[in-house]
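Peer 1: Residue-level listing of the chains:
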Amino acid sequence: MSAAPETLAIRPPAVWLRFARALWRTATANAAMMTGIALFLAVVIVAIGAPVFAEVDPLDQDLLARLVPPSPGHWLGTDAFGRDIWARIAYGARISLVIGLVAVGIAMVIGSALGILSGYMGGWVDQAISQATNILLAFPSLILGLMVVAFLGPSVPNLIAAISLATIPQFIRVSRAPTIALRERDFIQACRALGFSPLRIMVRHILPNIWPEILVMGSLWLATAIRVEASLAFIGLGVKPPTPTWGGMIREGFEQILNSVYLALFPSLAILVVVLALNMIGDGLRDALDPRLKESKR
Amino acid sequence: MTDAPVLAVRGLSTQFRIGGAWRAATRNIAFDLYENQTIALVGESGCGKSITCQTILGLLPAAVARTEGSIVYQGRELVGLSDAEMETVRGKEIAMIFQEPMTALNPVMTVGEQIAEAIRVHRRCTKAEAKAEAIAFMDRVRIPAAAQRYNDYPHQFSGGMRQRIVIAMAMACKPKVLLADEPTTALDVTIQAQILAELRDLCANFNMSMVFITHSLGVVAAIADRVAVMYAGEIVELASVEELFAAPQHPYTRALFQAIPRVDETAENLQAIPGQVPPITAFPEGCRFAPRCPMRMEKCAGRPPRLAAADPASPHAVACFLHHDLALEEAAE
Amino acid sequence: MKLRIEGLSIVKFGGAALLALALAHPASAAEKVIRVGMATGDIGKMDPHVAAGTPEKTLFTWVFNGLVRIRPGEANPQFIEPDLATSWEHSADNLTWTFHLRKGVQCHGGYGEFTADDAAYSLMRAADPKRSSFSSDFKAISGVEALDKYTLKITYKEHVPSVLGYLVNIQGGNMVCKKAAEEMGADFAKHPIGTGPFMFQEYKPQQEVVLVANPDYFRGKPKIDRIEYKFIQAIASRDLAFEKGELDISYGRSDQAWYDRMSKLKDASVVTTEPTELYTLHLNQSHKPLDDLRVRQAIAMSIPRDAIVKYRGERIARAAKSVVPQGYLGYADTPMLPYDPKKAKALLKEAGYPDGIKLHVVQTSLGVMRDTMEVLQGQMRKAGIDLDLQIVEHATFHADIRKDKSDAVLYAASRFPIADIYLSQFYDSASTVGSPTAVTNFSHCNVADAEIRAARTETDAEKQLAEWKLAQKKIIDNVCSVPVYELFDAWALSNRVKLGYTLTGAPGRGIPLLEETTID
Amino acid sequence: MARYALLKLLYAVPTLFAVLLLVFVLTRVIPGDPAQLILGDQATPEAIAALRTQLGLDKSIPLQFLDFLVGVLHGDFGSSIVTGQSVVSLAAAVLPSTLELTVASLVVGVVFGVPLGAWSAMRRNRLPDIAVRIGSLIGLSLPAFVFGILLLVVFAVQLGWFPVIAPSGDVSVFEDLRALVLPAVTLGILMAAYITRVTRSSMLQVLGEDFIRTARAKGVPWWRVVRRHALRNAIIPVVTVVGLYLGVLIGNSVLTEMVFNRPGLGKLIVGALAQRDYPVLQGLMVLYTLLIILANLITDLAYGVFNPRVRFA
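Protein chains in written order, with the working numbering: chain A, 1 to 298; chain B, 1 to 333; chain C, 1 to 520; chain D, 1 to 313.
Same shape as in the complex, but just chain A:
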């Protein structure tokens, strides 16, 4: 039973159609989500159109104008090599966004698939997946990154692989626990009794119920993924210099933090904007996709 009027429940024929409509309805009704989409699009546009938005070459060093604070010439200042921070953030968005979104996306898909599988099937499948998760969790992300370098060699795809690998266990854990709880719920029991295939139950009945949690987790880990790129740079898995990335800029900023705080601050803010935008979208999505979710009582 829902506290919202039951007459609201409309059942269009196809899932994708429901998705699209719900999305559109939520987006237009939800100012926060609109803002989120706008913010995110803005970042994407800046990334794609970096040469337009930043007239300066992000690689161009001006050795005599290093660590300049924000000023008309360099409106976010310059880094330790006299490179324009704004240009580097704009260009850096390209790789950082790809790394963050793709790595978390992959981890989300694989992690929640394994988590649901583990939670739903139980038995030896659960044991095997849990053990593998434990092994993965036992490696600090740095060591995990090193493993990937050792076997695959350094490159952006491998970097993404390393970050995904480090993040997958988080999603396994987050999706497994609620799956176990759901498995016992009546409607899942009913599905089983009706002879639905396990795959169908997992995809059509369990996933829609737990994916708000997964979305929240995803938005949480995005910031981490973008920053992990920086720590992996220490062990040689980072993006090659002088290509700018937000994580790399933050790492450089750490060295100079007492000399100039802007080096670490601005890329961090850039990450904040993306995370903020994605969270606004994520929350909106959740409202759109989860009709059960009700307003708080006050």
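Among the hints, erroneous ones may be present.
In the EDC-like style, the derived pairs of lysine to aspartate or glutamate whose C-alpha atoms are separated by at most 16 angstroms in a straight line are [unchecked claim]:
#1 K474(C) to D333(C)
#2 K382(C) to D60(A)
#3 K358(C) to D333(C)
#4 K103(C) to D148(C)
#5 K469(C) to E458(C)
#6 K382(C) to D126(A)
#7 K498(C) to D225(C)
#8 K8(D) to E209(D)
#9 K223(C) to E458(C)
#10 K103(C) to E274(C)
#11 K8(D) to D126(A)
#12 K382(C) to D62(A)
#13 K240(A) to D388(C)
#14 K240(A) to D386(C)
#15 K174(B) to D311(B)
#16 K130(C) to D300(D)
#17 K57(C) to E274(C)
#18 K223(C) to E516(C)
#19 K103(C) to D93(C)
#20 K57(C) to D41(D)
#21 K127(B) to E113(B)
#22 K310(C) to D57(A)
#23 K498(C) to D477(C)
#24 K473(C) to D300(D)
#25 K174(B) to D201(B)
#26 K139(C) to D58(D)
#27 K240(A) to E274(C)
#28 K223(C) to E515(C)
#29 K130(C) to D58(D)
#30 K149(C) to E113(C)
#31 K403(C) to D300(D)
The hints are simulated quantities; they were obtained by calculation from the structure and are not laboratory data.
Position chains B, C and D relative to chain A; hints supplied.
Peer 2: Here is chains B, C and D on its own, set in the frame of chain A:
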């Protein structure tokens, strides 16, 4: 039947905030509930039965729902009371039980605690007293080995047993009015009968009146004294059980009766009536049933009919121009 | 509602706790303690004949003596003066040296008097490749002998450019106590025993080493009671700790921005010390297209040395003037190709690379090395030279560059200030990486072998200098490498610290803390 | 429950073995020679070869692994090849401060995260909610070291309430706790940001559950509904996330440990990796894995405490 109703509902309208605008989910609900009487609210899903009950207890979130009209309980106006004031009414004076016993209980609290809590929030008593009383109520609703099961969690009970616990919880403070929101819908047929018998029994023993929500006319016959048939947020017909069953007047009520043989406990759409209940955002201007009504007249689309008796001497009221020409005074919002 | 109240009370409680903490002050100790902050996460083996890192060498400065030492505050061997040996003489052919030791010097921890026997043991140990990282410095020694308790004789197979240079109290010249080293074995590296002004007391992993004054120090009991030698990896934390007064001496960062900021602190001074580290870009001639002289010349012309010095800071860096650091015995100011990116492009075109060249470079992720390489990358870009940097962790870097994996190697080094060491290790073909006698010749340079080897055994100082000069010219003309700049070490010192000497150089990298050093 | 715990620990043995094997092989496959690193760049190939023999690195990898396993079975984890200190003594030296920091930041995270998350959920889409959500996102986006340095500049250098670097030696418990505050807050902020998000989301879901309505229908005052009914249910997924994050916290607090100059397991592991200090790396990975497994176990048990539906079998 005594003179003053225990609960008098007048012109009750519950509005929801949807897409920034307030939309009325129910309109002009009015009925009286007398002592020891049971009134049934009947209608399809989404007709506003549950919303009406939750409005009476003030359970809808203020951020998205608002109430107009009047609810008088034993001479006391409930509309406009603060939440703190309502807390003294809920459970103690008016209690409620729900459709879904599987989810209505807190999974991390023992059932005993949950019953004892209902006692302790309304009465000063020690934990031990509350516990003893809770066990007594569990006994009273026929839960086997009540004392031993006090510390069990909801998931350790069957659906029927859980509904008994919900009932015990509602009865714990001996309320004057019980709002029962489809309490048997989710249960097996055999269990349903037991629970209905239980509720009847409790009403009689505790001098309690009941608002019973159902979409099943069969259940209505078994438990109610009077019936209010609801459609799209309005009461379209209000009569005693006998009168309604003998001579249903509203085309919708008739359609409901026609549909009986084809409705089982889970089917919610009336195949007998073409079309669907309109969504809250698209209620028609005049009679809300008009688009689906086989006896639709031209004027039905113009103004909404008022709930009134065709024969002034009879308490059998209906909102239909087939029976009288009275229209709702205020225009539709 | 309720939660909000609880939240507030937490804040209140927190505030009260903070207040309570603020009111308590640490008790000030009566003893004189100098706290030194070093840029490291931890210290390695505390065996002077093994460890070669700055954190360890700094510690050895305080714990050990040599037979001789360079006058405190200086880095140049011309200031060599007696330490454990009070006097010495050598044969006419320079092959036999006799040292007369100071009497009554006591080893730390009751390991007895330091005698010629200990000195002989120490030298043998330093010359043994199984026990020492510096054995190559002593390979010319044919025998070490304690003539009596206080007389030591060292004989050499061949002429050594600076016998005394290797016997100062750095690296293999540090004198250990025989009994302690033999008794402790491997544990000696955990509890070093020397004769210096301060004695090892305690090691706390990742935190610090505590040293206490050696009451029997032969130059007198030190005025300070204790050194707390703290390992603080992050420069920001070191700076803040220094600013707050939790450190008295702090290892800085070779960066003008750091220098300027720390110079503004009250009651503190910033000091830069020699020896410098020379940053050199070694060009691997065994890799195409670097086998072509014109390409190497183009690279040399693509590096704006003076601009890079300005970037790093003129108080911190000076432009390289040869492949040997300035001030070393045998160093010769050698003219290099001027900065001219246009000409560099033309040369590349002439060599058959009209679109420029791309070099694959393995680069360490460590701070200043990486910074420098990124500057070079940014500058060389303007001449059409693209450095494809593969940033790897430091350990991998050291392994990879020794396997010829990199087209160019940026290497920073300071050595004992004699041209021979630098030239031999970096430019003698015998030192080429991959060979059995490999050291650090990354460029496969072999044009100056004859001069380097001749100078090594030349007894005539004039002729020796001429050979070294020629060697440097040949290496530079052949562009085996492009020297970039020399960096000083930078330190922040509280004005409360009175070193007791004027600090301009620190041969062992760390600042010497002596018996006369004190703190107000 | 004891049986369950024991069983879980038993399951951990293969995990432990797998981790060890991976660490062992990988560290030896990646480039980098500890002997070279110890002896420095002037060392001759001869000296390096001698040291390799002395360290047993010239043996084949399976043989080295066997040696190591035999040692472990005898309780001998070897000694650092860089400092010569025994691995056990190194671990013992850093473990207390790692545990101390982990627990303290966990406390900070829970104390701030749970109430803020619940508050935010109850004031959904209103000012407090928006403020808390943005605050938690800032906590997630800004790197810990920026917070750390900021806290140091304000509270240690300018106000002088806390030390910049942790005091060493035998200091009073008070001094020790005082040095713990800023690093715990730095790590705790990140933790609180996570917990806030998860609590909020979980709370929102719970507040929509039928039993909340049931509780209100029986007249339970709102604050009591929140505390006794909503929070007790909402905390369950939080326990999972906290447990999950606990492991991450132990391993990834390196930067915080660096900024506040605290000894720690994470720092030691990263340092050992950089130095190719195989014995230390191996020993610490065993310890780290054990801690993770223990953290998981505690999480599982705590989950059972909070959730009566879970039975330990």
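Peer 1: Look at each hint and say if it fits the structure.
Peer 2: Right, here's what the structure says about each hint:
| no. | hint | in the structure |
| --- | --- | --- |
| 1 | K474(C) to D333(C) | 13 angstroms, holds |
| 2 | K382(C) to D60(A) | 9 angstroms, holds |
| 3 | K358(C) to D333(C) | 31 angstroms, violated |
| 4 | K103(C) to D148(C) | 12 angstroms, holds |
| 5 | K469(C) to E458(C) | 14 angstroms, holds |
| 6 | K382(C) to D126(A) | 58 angstroms, violated |
| 7 | K498(C) to D225(C) | 14 angstroms, holds |
| 8 | K8(D) to E209(D) | 33 angstroms, violated |
| 9 | K223(C) to E458(C) | 45 angstroms, violated |
| 10 | K103(C) to E274(C) | 32 angstroms, violated |
| 11 | K8(D) to D126(A) | 14 angstroms, holds |
| 12 | K382(C) to D62(A) | 12 angstroms, holds |
| 13 | K240(A) to D388(C) | 8 angstroms, holds |
| 14 | K240(A) to D386(C) | 12 angstroms, holds |
| 15 | K174(B) to D311(B) | 38 angstroms, violated |
| 16 | K130(C) to D300(D) | 52 angstroms, violated |
| 17 | K57(C) to E274(C) | 14 angstroms, holds |
| 18 | K223(C) to E516(C) | 6 angstroms, holds |
| 19 | K103(C) to D93(C) | 29 angstroms, violated |
| 20 | K57(C) to D41(D) | 14 angstroms, holds |
| 21 | K127(B) to E113(B) | 10 angstroms, holds |
| 22 | K310(C) to D57(A) | 22 angstroms, violated |
| 23 | K498(C) to D477(C) | 47 angstroms, violated |
| 24 | K473(C) to D300(D) | 72 angstroms, violated |
| 25 | K174(B) to D201(B) | 14 angstroms, holds |
| 26 | K139(C) to D58(D) | 25 angstroms, violated |
| 27 | K240(A) to E274(C) | 33 angstroms, violated |
| 28 | K223(C) to E515(C) | 6 angstroms, holds |
| 29 | K130(C) to D58(D) | 15 angstroms, holds |
| 30 | K149(C) to E113(C) | 10 angstroms, holds |
| 31 | K403(C) to D300(D) | 49 angstroms, violated |
Violation of the numbered hints given earlier is confined to hints 3, 6, 8, 9, 10, 15, 16, 19, 22, 23, 24, 26, 27, 31; the remaining hints are satisfied by the structure.
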